[in-house]
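Protein sequence lines correspond, in order, to chains R and W.
Just so we're aligned: the first sequence equals residues 1 to 352 in UniProt numbering.
Just so we're aligned: the second sequence equals residues 1 to 618 in UniProt numbering.
These are calculated hints, taken from the structure and not from any lab test.
Just so you know, these numbers come straight off a predicted model, no measurement behind them.
Idealized CB from N, CA, C, for every residue including glycine.
Some hints could be false.
Which residues of chain R face chain W? A few of them, derived with a C-beta cut under 7 Å, are [to be verified]: (1) Tyr82; (2) Gly83; (3) Ile98; (4) Leu105; (5) Ser118; (6) Asn122; (7) Ser330; (8) Asp344; (9) Trp349; (10) Val351.
Chain residues, written in single-letter form:
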Amino acid sequence: MSVDLGMPQGHGLEGVPTADGPQTRKDFSSDQEVRWCPGCGDYAILAAVQGFMPELGLRRENIVFISGIGCAARFPYYLDTYGLHSIHGRAPAIATGIATTRADLSVWVVTGDGDALSIGGNHLIHALRRNVNMTILLFNNRIYGLTKGQYSPTSEPGKVTKSTPFGSIDAPLNPLSLALGAEATFVARTIDSDRKHLTAVLSAAARHRGTSLVEIYQNCPIFNDGAFDAIKDPETRDDAIIPLVHGEPIRFGADGRLGVVRTPGGGVDIVEVDESNAGDVLVHDAHATDATTAFALSRITDGGAVRRAPIGVFRQVERPTYDDLSREQSVLAGEAPSLQALLDGPDAWTVA
Amino acid sequence: MTASKSTEELTRVVIRFAGDSGDGMQLTGDRFTQETADFGNDLSTLPNFPAEIRAPAGTLPGVSSFQIHFADYDILTPGDHPDVLIAMNPAALKANIGDLQAGGTAIVDAHEFTDRNLKRVGYESNPLEDGSLSDYQLHAIDLTGLTVGAVEEFGLSRKDASRAKNMFALGLVSWMFGRPIDGSIAFLGKKFAGAPAIRDANVAALRTGYNYGETTESFAVSYVVKPAVIPSGRYRNITGNTALSYGIVAAGQLSGLQVFLGAYPITPASDILHELSKHKAFGVTTFQAEDEIAGVGAALGASFAGSLGVTTTSGPGLALKGETIGLGVMLELPLVVIDVQRGGPSTGLPTKTEQSDLLQAMNGRNGEAPVPVVAAQSPADCFDAAIEAARIAITYRTPVILLSDGYLANGSEPWSLPDVESLPRIEPGFATADPDTTFLPYARDPQTLARPWAPPGIAGLEHRIGGLEKADGTGDISYDPANHDHMVRLRQAKVDGIAASIPEVEVDDPDGHAKILVIGWGSTYGPIGAGCRRARLAGHRIAQAHLRHLNPFPANLGEVLAAYDRVIVPEMNLGQLRSLLRATYLVDAEGYNAVRGMPFGAAELGQHFIELCIKEGE
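Construct the complete structure from the given sequences, taking the supplied hints into account.
Right, dumping it as structure tokens:
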């Protein structure tokens with residue numbers, strides 16, 4: 001059974017050659033030993049990606065995974081595609097060069113909250129506003145893992161870590177609010193432990209033409225265990241997870257007892273739903289031209305401990321991609337004059 | 001009535017046009033340069049402008065100038081001291097008069113010498129009237145008034161009309177030196193095609209300036225500088241930044257690779273981005289990145305994907321790119337990093353020239369990260385230097401740093417046009433899949449020690465690479481101590497081995513018996529050569545060598561240095577090449593160093609060389 005997010009079949013993979021025959025998850029597993037900590041959420045994401053790649057049906061050699069630095073950045077080593085493990089925060093920039101020069105590649109960036117939002121924040125926002133055709137998987141564990149446990153730009157205020165023994169005094173970033181503010185055309189959130197949902201979101205992201213940003217809540221069992229317990233614990237998760245399905249009223253909780261409604265101030269609020277107010281429940285429109293409602297939905301999750309989180313596709317709109325436009329200009333430039341004519345220029349003279 | 005005028009023959013002339021940064025002095029200089037090229041003189045130019053785009057009008061910081069040296073023989077520098085100074089206002093006069101040759105000609109726009117303008121730049125009295133310019137031939141002319149009068153019929157505002165005064169000045173100087181102005185008239189027709197009144201006013205101002213020289217009695221003499229005897233062939237005038245851009249376009253064509261430029265605007269490198277962005281038809285893609293790091297990152301990504309990745313910058317940007325260049329060293333992918341050097345440190349002197357990034361280029365990365373370094377020696381030479389940088393990058397799968405500087409970037413000279421057919425091809429030699437063997441991304445070519453270049457898209461060559469240390473051969477992550485030691489040495493050996501593919505350094509030592517060798521790199525080529533000429537003309541023996549390759553050095557360099565009693569290294573830094581030579585060859589090289597933001601003068605170096613020769617009895 002798969003999860004239906006109500007997303008259209010996008011043309012994000014147009015131009016990428018498809019495989020000759022069926023593929024299996026094994027085709028995408030490299031010979032490298034996976035070296036994450038036991039219990040790390042990255043294992044589940046890797047398994048989901050390896051399992052989902054055959055569904056895309058692309059030629060393996062036309063898939064490229066690019067990462068920066070951090071635990072998540074080891075990801076490309078474990079996939080038998082082309083891969084580039086680069087330097088801290090720069091993966092979106094490197095991917096921009098790859099995507100712009102090669103229309104025949106499916107380009108993926110794997111990053112973390114420190115890599116994408118701290119050292120690489122500039123590259124992330126510019127990739128998003130340019131809308132380069134790539135899928136960015138942002139593993140958000142709200143902590144620095146590889147450097148052993150400092151607070152990250154998504155850690156909650158007051159967090160006590162090795163570098164903040166008296167509690168963090170930094171205000172955190174909301175990755176999805178940031179992405180929406182940066183003119184992103186595809187913004188989604190999913191959870192490492194919900195394989196079906198994860199797969200559905202990745203599928204929609206890969207098929208979106210443009211930069212897709214997928215925030216994946218990912219548990220770090222060593223330095224920030226339990227950060228997402230509220231949305232994982234069977235006791236609480238029904239009231240904590242807010243599934244977004246395009247075209248459907250946003251309802252959640254046991255038997256849909258809760259719902260999201262608009263507030264007069266332009267935001268959204270959560271109310272108990274009964275017959276009297278069922279009609280007020282917001283119907284999710286991922287394709288709305290105006291990003292205001294998507295932004296309001298992103299604000300349901302505040303910077304503190306995760307108590308409630310919408311998951312699914314917040315926003316998916318069509319906008320020309322940077323790489324397509326760049327290639328279009330190259331085509332429009334037409335045939336080159338001779339190199340000799342370029343060098344000679346209009347003012348050359350001859351000395352006999 | 002036309003006065004009968006005498007002409008005087010000169011072998012060489014240096015002219016400097018100076019005015020407010022809004023007065024169009026660069027354009028005026030460019031046009032005079034083109035006229036001079038059309039006439040057939042050898043020439044060399046040096047623009048000099050402030051970092052501020054429009055500093056307050058009439059102030060010293062706002063002065064912009066353009067110097068041209070032209071002659072009836074081959075010249076090497078834009079000249080030390082102008083023979084003729086055109087000053088469009090008191091600030092331009094004050095900033096430049098000190099450089100004018102004693103007895104030289106100063107042409108000034110008297111209209112601008114008002115009490116207010118004089119006071120603004122600190123003149124207590126009017127230098128046009130107080131006798132302070134008596135050492136010069138002064139022509140105080142109301143250039144503004146004459147221009148406004150000449151263009152009256154075109155109905156422009158007084159302000160617009162007066163803006164054509166630079167063309168009046170161009171016309172006058174063109175008459176003085178017998179330059180043809182037809183090319184400039186055609187140029188104005190094209191430039192202002194959309195604004196006929198402005199076009200006609202500029203053409204009228206140009207013609208009126210020319211005729212003014214011919215008819216007014218204050219200019220009794222015009223000068224003749226005969227065309228230079230230069231080797232036959234086709235020529236054009238070119239700046240370093242344009243030549244460098246064409247070199248990159250050519251490298252793409254010669255290798256059959258798409259070119260991808262990732263760049264962030266920075267003075268004085270931005271013109272390369274501007275030029276390359278015009279050449280999409282040649283398979284050149286340009287990407288104006290969000291910062292210097294993204295520029296080089298995208299270029300490296302493009303190289304991974306099979307293009308020739310190029311990034312352009314100046315010193316501050318090179319500092320930011322260091323980590324990515326180190327990644328390129330580890331990934332062993334082609335990457336051309338162009339550093340158009342300017343005065344440093346920090347923001348330094350953005351529009352002035354310097355050679356102070358050599359050690360940054362050599363060493364500005366963490367770890368043992370050797371990178372080949374190539375330097376251009378003249379504006380036209382930037383073309384060849386760019387192709388050479390690309391050849392090394394592609395052949396050896398390595399980042400290469402190409403050093404130019406502000407003087408080369410904006411200076412110009414005639415370029416003997418290459419025949420495209422004769423340019424050497426560059427073979428990318430992409431990896432191919434072999435079903436019978438496992439692909440080893442870090443296997444080595446036995447000759448070059450280069451690894452395979454395997455862009456995505458080929459089945460059977462899927463591989464993962466990154467910044468972590470590689471196991472020799474497989475490219476898998478390896479923390480093995482012996483492997484790391486081996487790989488560090490291997491990367492060094494690969495770069496050292498490039499020496500086998502570069503020409504030996506040539507020494508210009510006319511009779512082969514000089515005891516003093518002057519050795520330089522980069523844009524000091526012209527001034528050093530001119531200085532050596534002066535020393536030889538004065539009867540001294542001195543040898544000159546110039547380095548295109550700074551890393552690795554040419555194979556014979558140690559022998560060459562050892563053959564001379566004294567080795568002199570003039571540099572626009574505090575001795576960076578000198579340090580490298582001393583460290584590498586244990587030679588007691590002596591520096592001659594200045595960091596004034598301006599190229600060395602020929603006279604200055606000539607004097608220094610002559611003193612050395614006298615001391616050595618040469």
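Subject >> Restraint check, 7 Å cut-off on beta carbons, for Ser330(R) near chain W >> reply: Holds: closest Cβ of chain W sits about 5 Å from Ser330(R), inside 7 Å.
Subject >> Restraint outcome when Tyr82(R) is required to lie within 7 Å of chain W by C-beta distance >> reply: Hint on Tyr82(R): holds, closest Cβ of chain W at ~4 Å, below 7 Å.
Original post:
Can we keep the Asn122(R) interface hint, with Cβ of chain W closer than 7 Å?
Top reply: 6 Å, holds
**OP:** Go through the hint on Trp349(R) and say holds or violated, using the shortest Cβ distance to chain W against 7 Å.
**Re:** At 6 Å from the nearest chain W Cβ, Trp349(R) passes the 7 Å test, so the hint holds.
Subject >> Hinted contact Asp344(R) with chain W - closest CB pair below 7 Å >> reply: It holds, given that the least Cβ distance between Asp344(R) and chain W is near 6 Å, below 7 Å.
Original post:
Regarding the hint that Ser118(R) lies at the interface with chain W, is the smallest CB-CB distance below 7 Å?
Top reply: Cβ of Ser118(R) sits 14 Å from chain W, so the hint is violated.
**OP:** Report holds or violated for the interface hint on Leu105(R), using the least CB-CB distance to chain W and a cut-off of 7 Å.
**Re:** 6 Å, holds
**OP:** Go through the hint on Ile98(R) and say holds or violated, using the shortest Cβ distance to chain W against 7 Å.
**Re:** 4 Å, holds
Original post:
Can the hint on Gly83(R) be confirmed by a CB-to-CB distance to chain W that is less than 7 Å?
Top reply: 4 Å, holds
Original post:
Would the stated hint for Val351(R) survive a check requiring a Cβ distance to chain W of less than 7 Å?
Top reply: Given a least distance of 5 Å, the restraint on Val351(R) holds.
Violated hint for the displayed structure: number 5, the only one.
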